[in-house]
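Chemist: Read top to bottom, the protein sequences are chains A and B. For the first sequence, the positions run 913 to 1352 when the working numbering is used. For the second sequence, the positions run 275 to 600 when the working numbering is used.
FYI, nobody ran anything at the bench for these hints, they're computed from the structure. Treat the hints with care, since some could be wrong.
Calculated cross-link-like contacts (lysine to aspartate or glutamate; reagent style EDC-like; alpha-carbon spacing at most 20 Å) [as the list claims (entries may be wrong)]:
#1 K356(B) <-> E1230(A)
#2 K918(A) <-> D930(A)
#3 K1315(A) <-> D1187(A)
#4 K380(B) <-> D1235(A)
#5 K356(B) <-> D1235(A)
#6 K524(B) <-> D550(B)
#7 K361(B) <-> E1185(A)
#8 K1315(A) <-> D362(B)
#9 K380(B) <-> E1230(A)
#10 K361(B) <-> E1228(A)
#11 K1058(A) <-> E1082(A)
#12 K361(B) <-> D1235(A)
Stretches of chain B that chain A covers, calculated by requiring three or more beta carbons in the stretch to come under 8 Å of a beta carbon on chain A [unchecked claim]:
#13 377-386
#14 401-412
#15 470-478
Cβ atoms here follow ideal geometry from the backbone N, Cα and C, with glycine treated the same way.
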Amino acid sequence: MRTLLKNGRILDPSQDLDIIGDVLIEMDQVVEFGQNVSNEDIEETYDCTGMWITPGLVDPHVHLREPGGEDRETIITGTQAAAAGGYTTICCMPNTSPALDTPSLIDFILDRAASPEAGGVFVAPVGALTKAMAGAELSDLASLKKAGIVAASDEAFPIQNSLVMTRGMEMCVQLDLPVMAHCEDLNLSAGGAMNEGTMSAMLGLRGIPRTAEDIMVARNCLLSLFTGCQLHIMRVSTWGAVEMVRQAKYLGAPVTCEISPLHFSFTDDMVGEFDTTYKTLPPLRTQVDLDIMLQSLADGTIDCIASDHSPYASHEVEAPFEDAPFGAVGLETTVGVTLTHLTHKGILSPLDTIRKLSTKPAQILRLEAGTLKPGETPVAQVTVIDPNHEWTFDKGKTFSKSKNTPYHGAKFKGKTMLTFSGNEIYRDAHFSAERYRALV
Amino acid sequence: MPRNLIAIRHLHREEISELLESAADFKDRVTGNKPIPSIGKKVVGMLFFENSTRTRVSFEQAAHYLGLKTANFSSSGSSMSKGETLKDTILTLRYERLEGLVMRHKASGSATLAARYFGGPVLNAGDGQHEHPTQALADAMTIMERRGSLDGLTVAIVGDVEHSRVARSNAWLLSKMGAEVRFVGPRTLVPIPQHIGMLPGEVFHDLHAGIGGADVIICLRLQKERMQEGMLSSIGEYARMYQINRETLKYAKSDCLVMHPGPINRGVELDDAAADSDRSTIHMQIENGIFVRMAALNWVFGSDEDRSPKSVDKPKSAKAKKEVTA
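Given the sequences, and given the hints that come with them, work out the whole structure.
Modeler: Written as structure tokens, this is what we have:
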């Protein structure tokens, strides 16, 4: 089986490649790409004129909810949503029930992800740094690594005790595991439902101050600097957090960070009249923060973009604001939001867009992904994106089991058209139609 | 779409005037034993998820004078205590054919949520720390009876502004009607000046400066939990810094009104001399509460031109309902 992705704009940040050309996939591997690709014995041709051909996208931060939260998402539905979003590798978070703190649970995740009904994407589990994410005793990290975790994190239950965090980092240095950290001082944020500011004061909602994030980012950066542990800061939202990361990088600490699309497209005034779809953690901040986020995406201080896909059932979201959960689904909107808000506005070049959606997260988590180079990924991982396709997002037409999103009805420019992970795992209806037209 | 009374900040000056004039008219009729216009036989749900004595009784009295029937519902002994979501409770009351809903709930924004799903008028009787619109109307009516107008008055709201729905509703109402609003209290209990941008008022931390030259002082109730949360060292310390009493009243205008939404912690926010003086309007506020609630009920139902029962006899899908009421 030889498949040709023809006449697209090949964007591969792993080799700083930005050319018009073809990509040839034979069996389940990329065998050739460029301008002089052989076109003999091609069984299937996809006309990619006007589209980007990129390494399969990599999402460092996804909640698949299984085990324990199957009413919100399952590994099957979550990986299908990932494929539809253009992802070929996703990291799943350990805050399941029970938490991913034992090797058998990692085996379970990997088995489910490899099942034929699943979306066909690679799932890279993140293990709990402490047992049950209780912030006290370390998990059996060596066994977890052997089982296949790519990083350790207590995710939604940030470790408050600096000594526990230090020891966790020391162990992860020895095991050569990155630590991922959601940074929040839980005393400062206690009871908070949105950014502490003018909106929270008006709505009478308890605020989450920016200091809750800034202080923990600073602490974790310092611990990374002193232990040498590779630290990945999850979903930054404040200018202070980004400045801490900038400083840590300047000092030589092995620190990286990610941002979710919510935090580069919205500010806290979107909460409006208690709209719970805009309730997220960290909370949406202010225009000053948003401006710094855009600047820091452009200058590279913010390394990558994570969907922070956080599914919740509708009855959980349709609740009083302070009782509603934090987070939104994102796998199927991240490409649209990123291209609309960053690429088309000139904040990121097409190559840097793909760098932040694929190559960089793969490098941070040392995944065999994020490149089109033959033989460097287990199978061909290729995504085709139409950067100019204008579409309206309808939460009723998604693969994810949950519909909690503030983007329902949003107009985007840029859409995933085709996802390859060994073979075709997603093809957009629009792409099929256009391809058909091209063939006749 | 039904008319709701969720928040004073949503109202225009004209709507506030209309409500206050209507309340004065109802007061005249009730106290003068004159006939009260009927707004039809309707059943209003009284949904109190938080304890309330005065607001609940006041709404009951208002409904009674208007000839409305009330259906009581409290969170203990209701399906809410069995784990039903607020949305499902509201939908249940909708299909019980209640025609209006008075609701108090501990969560800010809960009245907004109720209005989204109830389909008929919702009156907010206090939602968390957000708003308590009928209390602000009662306070405004009281000030107008004593001063004739709100325009140009200086009103100091003293105490735990951060956690007070009364403070927010009062600030919106008074500022929309032309008064100057001041928030007075310790830094831990008043939004910091940088966060006040979307609330109409100026922040003072010093009582002397804050009530200097004030026409009206509205004292807020101090919750005991604030000490446990570390926001205040002690009640005594608070009283020494912010209590309205014979001594501190000297800073305000000589005819300054002293108001309190109740229940009062005597000896904390107010001393007996201030609470029981001629300047105190505490009892007027309670009585006027009935008349503004009559005006509020009349206002929300008065807009309901189609007096026939809501179209609940044809159940629609949950999605269709949301579109109708959203």
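Chemist: For every hint, state whether the structure bears it out.
Modeler: Going through the hints against the structure:
1. K356(B) <-> E1230(A): 18 Å, holds
2. K918(A) <-> D930(A): 15 Å, holds
3. K1315(A) <-> D1187(A): 14 Å, holds
4. K380(B) <-> D1235(A): Status holds; Cα separation ~11 Å.
5. K356(B) <-> D1235(A): This hinted pair holds, its Cα atoms lying about 17 Å apart.
6. K524(B) <-> D550(B): It holds: about 16 Å lies between the C-alpha atoms, which stays within 20 Å.
7. K361(B) <-> E1185(A): 16 Å, holds
8. K1315(A) <-> D362(B): 19 Å, holds
9. K380(B) <-> E1230(A): Distance ~16 Å between K380(B) and E1230(A) Cα, so the pair holds.
10. K361(B) <-> E1228(A): 10 Å, holds
11. K1058(A) <-> E1082(A): 18 Å, holds
12. K361(B) <-> D1235(A): 12 Å, holds
13. 377-386: holds (count 6)
14. 401-412: holds (count 5)
15. 470-478: Satisfied; 4 residues make the cut.
The structure fails none of the hints (numbered hints given earlier).
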